[in-house]
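Undergrad: Both chains are sitting in their own frames, so use the hints and assemble them into the complex.
One line per chain: the protein sequences are A and B, in this order. Following my numbering, the numbering of the first sequence begins with 177 at its first residue and continues without gaps. Following my numbering, the numbering of the second sequence begins with 228 at its first residue and continues without gaps.
No wet-lab data here; the hints were simulated from the structure. Any given hint could turn out to be false.
Cross-link-like lysine-lysine pairs, in silico, BS3-like; alpha carbons within 30 Å at most [to be verified]:
| id | chain 1 | residue 1 | chain 2 | residue 2 |
| --- | --- | --- | --- | --- |
| 1 | A | Lys-510 | A | Lys-437 |
| 2 | B | Lys-259 | A | Lys-510 |
| 3 | B | Lys-321 | A | Lys-510 |
| 4 | A | Lys-510 | B | Lys-263 |
| 5 | B | Lys-277 | B | Lys-263 |
| 6 | B | Lys-336 | A | Lys-348 |
| 7 | B | Lys-277 | A | Lys-322 |
What follows is each chain in one-letter form.
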Amino acid sequence: MFSFPLSAQEEHGTAVAEEEFKPGPFILEHIADSHEWHILTKKDGESLAIYLPVILVSKEKGIDVFSSRKLAHGKQYKGYRLEEEGDLKGKIVNVKEDGTADEEILPLDFSITKAVVGLLFSVLFALWLFLSLSRSYRKTGISHPKGIQSFLEPIILFVRDDIAIANIGEHKYEKYMPYLLTVFFFILFNNLIGLIPFPPPFGANVTGNIAVTLVLALCTFFITQFSGNKNYWKHIFATPGVPFWLLPVMIPVELIGIISKPFALMIRLFANITAGHIIVLSLVSLIFIFKSLMVAPVSIAFVIFMDCLELLVAFLQAYVFTLLSALFISMAIKEEHH
Amino acid sequence: MVLLMNSLVSPAIGLVFWTTIIFLLFFFILKKFAWKPILNAVKARDEMIKGSLASAEKARKEMAKLQSDNEAILKKAREEREGILKEARDVRDKLIAEAKGRASEEADKLVEKARAGIEREKAIALADIREQVANLSVDIASKLLGERLKQTGEQQKLIDNYLKDVDFNKN
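Okay, chain B solo, but in the shape it has when bound (with noise of 0.2 Å):
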């Protein structure tokens, strides 16, 4: 048994020369027409399948970049709309209070004229009134006096200055 063992782990010539040739034959066979193929066709698939990777990923990365764009050109189209809606405000605004601005000065101007005029009016009223008075107070005291008062520039004056202090004002 021990013997056999022996022949067991001793290898035998003409075994290992059939083995060298059919695995050398094997092997070139197999590398020429199997392996070459094969693992050229699995590298294809994998360097596809890289390249798909690849650029679906930057077409995914310019899809965000678009979007990111996008965003950018609504956010600023929104702050152009503010601002122009803000500036509309403001011109709107200043229009309204100019208008009230220039609505009451006119308003003012018209009032003061008007008090210009009633001044005026008034002046000339008492002017009148001051004359009619003076002739009344003449034809009274010419009828009181019996007429022996004459139509003189200088009882007139008197009369003036007698009427000057007379506030028609407090009427």
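Chain A extracted, bound-state conformation (with noise of 0.2 Å):
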């Protein structure tokens, strides 16, 4: 959660304190994606940092590749600069001959930022688990689960009992048991690595970014889609029981209806994620705001508990997102029963 520990923080801290601490940027910074890994800021004002490779696809330049450490401290690179203030803060642009952003045409950046690095460490390391995992069960046969089966069994289980099965029904579950399975673990995992605030690839904020939630309710929504049967779409252009006069107001609110759902699932997951962040961030704001080590105990002990809270959200959001998005999905392809 925070990109470095306590007594970096501190250091950091005061270097910004000289110029009064302003605890709004500075939780929106730790919040937001970003190219470059900032672990510290050293007393003389130069920062210790991973430097992650950019990506940039433009129709002019075509394809750029190199390091963020070029473009650090407002550095400019063929062309390219890191907007540090304004409306553009955070992205690269194109400068103009007179040295300005061009801000009509931005390039396209497919860099690998710090949320892509945070991403790709826990789809790693749940590819090693769960591989594993598998390997244990060949070996195990049907004998009762050993050792790491048994802490991971009762959450797949559990998936499959308790999500899967009680929406899904017991007939038509077995398909959408990988997506669920993959979409739980994948928010899970996320979660948690966005929970451990240090060191690197820890303490990214991957769920609480709504790129990724995007993705992840599109999925949701486009499984719907294909698996909704007759019965579904009979339901949104012609739904049993309305007066056909009444249609041109039904469909659309039908419609509406389709793309609300995942947008909650979106936007339930980012919110949720990004909220406890800025809560953690903020008592922990609190002590450069009285400037005071007073007040670090009365922090950490929230901070604490914060983290208690968070973690049980971690596991509940992961668990509401499949959660719904069986339960969408067991709309879609419901028997209709009269």
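TA: Pasting the structure below:
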């Protein structure tokens, strides 16, 4: 969650405190994605950071790949600049001949950012974990669960029994199990790495980034639409029991319903994780706002409490997202009852 | 700050791109190499447990059936024994009763026979006594009448007639 340990934070804080500490930008900087992994700012103002690769695609210049070190501290490289102030803060822009940023045409930014690194790390960890789990199943066969199985199997069974079977039903759930399990553990692991503040690759705010939750919500959206049976589409375009002259009103309403479901999924996960991070960062900021170490124990106590809560939220949001995905799928494949 | 918030809620194209690729790869790898074998193993185990439970239940039912069968057989055997015992008792009782009846009949017959014998002997004896008494009486009367009376058939008839009136049974 923080990109540096507490001692480094103090240095960072005092350095900034001279020009008055602003908690707002401080917090938002930590939540937002970034091209470099900031670790600490030294007393002389130089920062220690992991510089991540920048990948830019634009019509005029083609594909450019270079280290974000080249853009550190407002430096220009190949006509690119990383804006540090203004509307485009945090974005890489083309620099015009007069030295101002070209606000019209932005290069497409496919950089390996902090969130991408966090994502890769959690995915690789999860792959390693589940592939070795799968191997251990091949070894134990049908005997009782051993070792890591006894820890992960209850979660897998929970997803199967209480999410998939409970919502989709005994006959059709198997087809959706891989997606539900994947999305559950993907969210869970990314939530958890966001909770661990240090060292990199921990602390990246992945599931608190709307781009990530957008992709997940889109996956659920497409799976739902492609699973939709005749009954589902009939309910949208010719809702039974609705007089035909009402259909011009009903069809847009139903279509909005289709969109709003994954939209709610996207916002829910993003907002929950981001809110948790904001609260923890605000509590830490209190120390620098009061410029007193006396506040620290209180802050730390609250932060520990919040982290426990966030741990719960990490599981809860993974559960809620998976549950709602299963629910939406079940609504799309439900057979007509009357 | 509002602008920063703005950038927070507007998804960056790069991250959307990378997330899509990473998530899809993650999904397909896990689907093929993790979820399938894991879910199959868990399912196989579930089925085995279900199967064993069912067969255990079946065995238990069979056992109970056997037990109830045994009980029924035992009950039947007990009833049969009761029946046989009862029959035997009846036969015994009947035999005893029969034997008793026959014995008393025999005894009655014997007594009857004895009584008939006694009657007969008594009649013989009485006839004998009557004769003797007649002879004695004749003797005595001859002696008394001085042998005037002859030993004739008429006289003898007369004596018999007298004697008939005497009831010897009274003694």
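Undergrad: Does each hint fit the structure? Answer for all of them.
TA: Outcome of the hint check:
no., hint, result
1, A:Lys-510 <-> A:Lys-437, "holds, 17 Å"
2, B:Lys-259 <-> A:Lys-510, "holds, 27 Å"
3, B:Lys-321 <-> A:Lys-510, "violated, 84 Å"
4, A:Lys-510 <-> B:Lys-263, "holds, 25 Å"
5, B:Lys-277 <-> B:Lys-263, "holds, 21 Å"
6, B:Lys-336 <-> A:Lys-348, "violated, 102 Å"
7, B:Lys-277 <-> A:Lys-322, "holds, 20 Å"
Violated hints, listed in ascending order, are 3, 6; each of the other numbered hints is respected by the structure.
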